[in-house]
Amino acid sequence: MNFRLENLAILFGLFALAVPILLHLLQRHRFDVMDWGAMQFLPDSSVAQRRRWLDEILLMFMRMAMIALIVIALATPVSTSPWLAPLRDRSTRDIVLIFDGSYSMGVRHAGQPTPWEEGVRTAKAHLEQATYGDRFAIVIGRQPPLVWQEDFSSDMSDLRAKLDALPAPRGNPDMPGTLSEAWKHLQSRSKATAQEIIVFTDQQLHGWADLETLSALENLGNQWQSDGQRANTNGDAVPSLRVVKVGADLPKSIPNFSLAPLTASRGVVKAGQKITLQSALHLDGFSKYVPPRKLRVAIDGQPVKDLALPDKIDLKQGQIPLSYQHRFEMEGQHVVSFLLEADQADDALTTDNAQHIVIEVVKDLPILLVDGDKKLSPESSSFFLQRAMSVKRATPYLLLKPTAILPEAADTERPAVIVLADVPRLDAGAIDALDRFLAEGGGLLIVVGERVSREKTFYNDQLYRQGQGWLPARLAEVASSQDGMQPEPRTFQHPALELFRTAADGVMNQVRFAKWLKAQIGAKDRAMPVALLANGDPFLIEIPYKKGRVMLCTTPLDRRWGSTLPNVAEFPVLVNELVYYLAGAKQTASTLRDGAPIRLPDPGVGISRLTLHSPEAAAKIFDVKNWPWTYPNTGAVGLYQAREAKGRAWSFVVPPDLRESNLTRCTDLDWRKVRDRLPVVWNDDGPAAPSIGSSDSRREELWWLLLLGVLGLLCSEVWMTRRMALARGL
Amino acid sequence: MPAAKSLFDPTTLAKYGRLSLIARNVVTGFLSGVHKSPYKGFSVEFAEHRQYYPGDEIRHIDWRAYGKTDRYYIKEHEEETTLHAHLLVDASGSMAYRGASISKFKYAQYLAASLAYLMLHQRDSVGLVVHDHVVRTMLPPRSTSKQLLQILHALEKTTPGGETQLAPIWDRLAGQLRARGMVVIFSDCFDQVSHLVHALRHLRHRRHEILLFHILAPEEMNFPFKRHTQFRNLEIANQLRMVDPGAIRSGYLQNFESFRQSLRVQASNLQIDYHLMRTDEPVDRALGVYLMKRLARRF
Chain A
2 MNFRLENLAI LFGLFALAVP ILLHLLQRHR FDVMDWGAMQ FLPDSSVAQR
52 RRWLDEILLM FMRMAMIALI VIALATPVST SPWLAPLRDR STRDIVLIFD
102 GSYSMGVRHA GQPTPWEEGV RTAKAHLEQA TYGDRFAIVI GRQPPLVWQE
152 DFSSDMSDLR AKLDALPAPR GNPDMPGTLS EAWKHLQSRS KATAQEIIVF
202 TDQQLHGWAD LETLSALENL GNQWQSDGQR ANTNGDAVPS LRVVKVGADL
252 PKSIPNFSLA PLTASRGVVK AGQKITLQSA LHLDGFSKYV PPRKLRVAID
302 GQPVKDLALP DKIDLKQGQI PLSYQHRFEM EGQHVVSFLL EADQADDALT
352 TDNAQHIVIE VVKDLPILLV DGDKKLSPES SSFFLQRAMS VKRATPYLLL
402 KPTAILPEAA DTERPAVIVL ADVPRLDAGA IDALDRFLAE GGGLLIVVGE
452 RVSREKTFYN DQLYRQGQGW LPARLAEVAS SQDGMQPEPR TFQHPALELF
502 RTAADGVMNQ VRFAKWLKAQ IGAKDRAMPV ALLANGDPFL IEIPYKKGRV
552 MLCTTPLDRR WGSTLPNVAE FPVLVNELVY YLAGAKQTAS TLRDGAPIRL
602 PDPGVGISRL TLHSPEAAAK IFDVKNWPWT YPNTGAVGLY QAREAKGRAW
652 SFVVPPDLRE SNLTRCTDLD WRKVRDRLPV VWNDDGPAAP SIGSSDSRRE
702 ELWWLLLLGV LGLLCSEVWM TRRMALARGL
Chain B
-18 MPAAKSLFDP TTLAKYGRLS LIARNVVTGF LSGVHKSPYK GFSVEFAEHR
32 QYYPGDEIRH IDWRAYGKTD RYYIKEHEEE TTLHAHLLVD ASGSMAYRGA
82 SISKFKYAQY LAASLAYLML HQRDSVGLVV HDHVVRTMLP PRSTSKQLLQ
132 ILHALEKTTP GGETQLAPIW DRLAGQLRAR GMVVIFSDCF DQVSHLVHAL
182 RHLRHRRHEI LLFHILAPEE MNFPFKRHTQ FRNLEIANQL RMVDPGAIRS
232 GYLQNFESFR QSLRVQASNL QIDYHLMRTD EPVDRALGVY LMKRLARRF
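Residue numbers (the numbering used here), protein chains in the order written: chain A, 2 to 731; chain B, -18 to 280.
Chain A with its partners taken away, still in its complex shape (with noise of 0.2 Å):
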């Protein structure tokens, strides 16, 4: 119904139209009688009669008709009509739509729509339905958010042709960021008098009431408080924040493979390398286990085997490891893809049934060995490691420039790893050319010895920096045990020393340290110890700075401080092991997580035609004038494969965070502990009724019409009685 009236009693007013009918009865029946000689003097009014006539009828419905509109104007009439929309409330309202585009919104459950769908159908069905003076922009939500309608716009045919063409949700989940883009979005691009955020989600729980998130959104909540306080001052508005739930409740266990993230033993590896690849198939919600199709591998997009699974498992598990072993032959950046086929019966979802991995094939790994001595001798610190790891040649610390870190002719080679072998000090170009190197995923091995130990100083104060430097730890006193103290090969997790803590023969507990430099790990610091000595000093600890790799060995890596390491037959493989896994740090760079940005660097051939292949739609090509070049939407999961026009190709892998395949939603309490940290104004949330578009948003109080036609009645009877009055020379 487009037209009720609030409130009915008062439309007995409306007897009151009986009034004005009275009133011209009477005025009929009141006039002088005047016994008149001059009669045929009195000219022929009939025609001025008629049209008084008429003029008191007219003002006479005039009259009613003012009071009737003041009635219904009194009884509160209210219109639904579309028609109605121009006369509404002059104020706007500009909407963020946000979907939720975290992969788990595209679980599909006995035939019935995905979440996603049904967000999408719903958002539609309600965007028909819009009031004059909304306007909406649309963003996706994931990791990152992507905008998918900028601008706020009333064009609903573009609208909806804008929700048509929404990629489907494969996405990580980052609703924090999120409504931040959102909130943003509205401040920075919304005047209108009214802002809402909307959401449309499943309200899982890995996305909204994890830990992670909630911490998330108490910051984004304070931030919102602060902002809303702000807009009040300066009479802005606030955003109101409506969450819509969509997608059916689901049982508690609904079948569902899924791959764990792709894990290789080295991201770098030399031609010819045998490389082991590690993932783990997983179950979830299965009462009995029932093998998936199949479950392939793929190099390069070329299927290379079948993983063969057990027919028989015990569900209590939950997972099935997987692995495989590879050798790559040509260099360059090779694809790795573990990819599951299954029934829709038992997977429910899909988004994580492929996992990848990107592995940079090398002929030999480029090392930059520096030298602590000002003249290469075999009595130099880089003697071993330059054998070990077949550099050519080191480099004496006094002669490292910049420019032998970070090259800047095109042709010349960049290493992957720089080894400090017990360097005593770096100049300031070169500490700032580290960083940058390691800003760039490069890989750092620090080598402690007499010099180091000398300089400590040099090192806490340049380098580690309260812990904000480079250096993994603040460096100490030098340790010393007269029976020589041993590493712990116990205490060997890294993947880097798999080889070392497994080994049958125990080859690492021959190795024996004189003298060691005791390190010491702040309690904010990043970094970790990988490996321990036997009285649990640090032997080597990692840290990862920016998007590289560094470590430090807090022993010589030759004979001195009357080390044995370099005597064991394995050192070479030692430390092979660990510029490869240093180097590795740009296979990390090839994974893109939390939302970082895909960033090419400069192949050095100008203006050039890119093609971008991303697992949520077809090849884009892009005229790429400015080098480095950065594409920022990488919110779906999967792979990224850039080639530029001459040949040069890179890839990237955006894993899925396996956590969005646990699909349960939030609780009552789960829910009332995410609304408890955004203090915003929060429209009702109900599941199936979102207020966009219903009939309450439209309603259109039209008392103020009926008074303005009351003005205009009122006008209209001054302006005729006056006419009237002017007629009869009063």
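The set of hints was computed from the structure by calculation and includes no laboratory data. Just so it is clear, the structure is predicted and the values come from calculations on it, not from any experiment. Quick reminder that beta carbons are idealized off the backbone N, C-alpha and C, glycines included. Some hints could be false.
[As the list claims (entries may be wrong)] Which residues of chain A face chain B? A partial, calculated answer using Cβ under 8 Å:
| hint | residue |
| --- | --- |
| 1 | 31 |
| 2 | 38 |
| 3 | 39 |
| 4 | 43 |
| 5 | 44 |
| 6 | 46 |
| 7 | 49 |
| 8 | 224 |
[Stated by the list, open to error] Label pairs and their computed distance ranges (CB to CB):
| hint | chain 1 | residue 1 | chain 2 | residue 2 | range |
| --- | --- | --- | --- | --- | --- |
| 9 | B | 142 | A | 32 | 22 to 28 Å |
| 10 | B | 142 | A | 19 | 33 to 39 Å |
| 11 | B | 232 | A | 25 | 50 to 56 Å |
[Claimed, not checked] Far from chain B, by Cβ distances over 10 Å, these chain A residues were calculated:
| hint | residue |
| --- | --- |
| 12 | 28 |
| 13 | 33 |
| 14 | 35 |
| 15 | 40 |
| 16 | 65 |
| 17 | 228 |
| 18 | 330 |
| 19 | 365 |
| 20 | 434 |
| 21 | 533 |
| 22 | 702 |
| 23 | 726 |
Use these hints to put chain B onto chain A, whose structure you have.
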């Protein structure tokens, strides 16, 4: 002269009651102020003496003055020729209209009575015709002292009423009024102007001098009504007109003024003295008009 003015005010006169008293008061008051009036120089009370010149008739010598002054004076004789005046009083229904002042008929009564009084005082012969569409009363002109009483009685006993068909009655009267003289008409002349002019021309053809006192009420001239009004015809029973005065006022005034101007011009063309008399105006102006006319006739 507020005192004198109030003396002739129709409303004030109405308080005197009887018409004879009213007429006497009007004429007496009027004559007592003659020396101050614009009619100064014309005497009706005394004969004038002038020095004798050779050639004057001896019989006109005032011997009594000679006895007193031992000089010859010629005594100017009073009017010798008697004026036959006919007072035609319209007693039709429309004359009964009265607005804020007295009715038009009452005003006509005052005028006629006062003129009759004055005329008889001048030793003129005065007759009276009271009519509506028929002659109700007709008194032939006489200069006897009883004539005034008869005239006043006839006027007093008359009440206005009946239809006005002035032109036919005046036309008939033109043939009946034998003695050539002055015809003084008191009427609102509510008839067709062309018909009236025809009748007046007939009167003029009979060599009558005509004084037309057009008696109108101020309301008829101004039409000041504002409220919705039902006009009832005074001459035709049950003829009613419900009008909005404001709506027709301009039309009415246009019609009325056109009628009046037409009558005035046509009367002037017939050498008829036309005088508009509003019922809220003093009645003595009519006496002045008469005396001027009388003076003109004398010379």
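Consistency of the hints with the structure:
1. 31: With a closest approach of 7 Å, the residue 31(A) hint holds.
2. 38: This hint holds: residue 38(A) lies near chain B, its Cβ roughly 3 Å from the closest one there, short of 8 Å.
3. 39: Where the cut-off is 8 Å and the nearest Cβ of chain B is about 5 Å from residue 39(A), the hint holds.
4. 43: holds, 6 Å
5. 44: holds, 3 Å
6. 46: Holds: closest Cβ of chain B sits about 5 Å from residue 46(A), inside 8 Å.
7. 49: With Cβ-Cβ at 5 Å, under 8 Å, it holds.
8. 224: Hint on residue 224(A): violated, closest Cβ of chain B at ~76 Å, above 8 Å.
9. 142(B) with 32(A): 22 to 28 Å: holds, 25 Å
10. 142(B) with 19(A): 33 to 39 Å: Given about 46 Å between the Cβ atoms, the range is violated.
11. 232(B) with 25(A): 50 to 56 Å: violated, 25 Å
12. 28: violated, 8 Å
13. 33: Non-interface label fails for residue 33(A): nearest chain B Cβ at 4 Å, not farther than 10 Å.
14. 35: Label violated. Min Cβ-Cβ 5 Å, cutoff 10 Å.
15. 40: Per Cβ check, residue 40(A) is inside 10 Å of chain B; nearest 5 Å; violated.
16. 65: It holds; residue 65(A) is separated from chain B by about 22 Å at its closest Cβ, greater than 10 Å.
17. 228: holds, 70 Å
18. 330: holds, 114 Å
19. 365: holds, 117 Å
20. 434: Given a closest Cβ separation of 105 Å, the condition holds.
21. 533: holds, 117 Å
22. 702: holds, 43 Å
23. 726: violated, 8 Å
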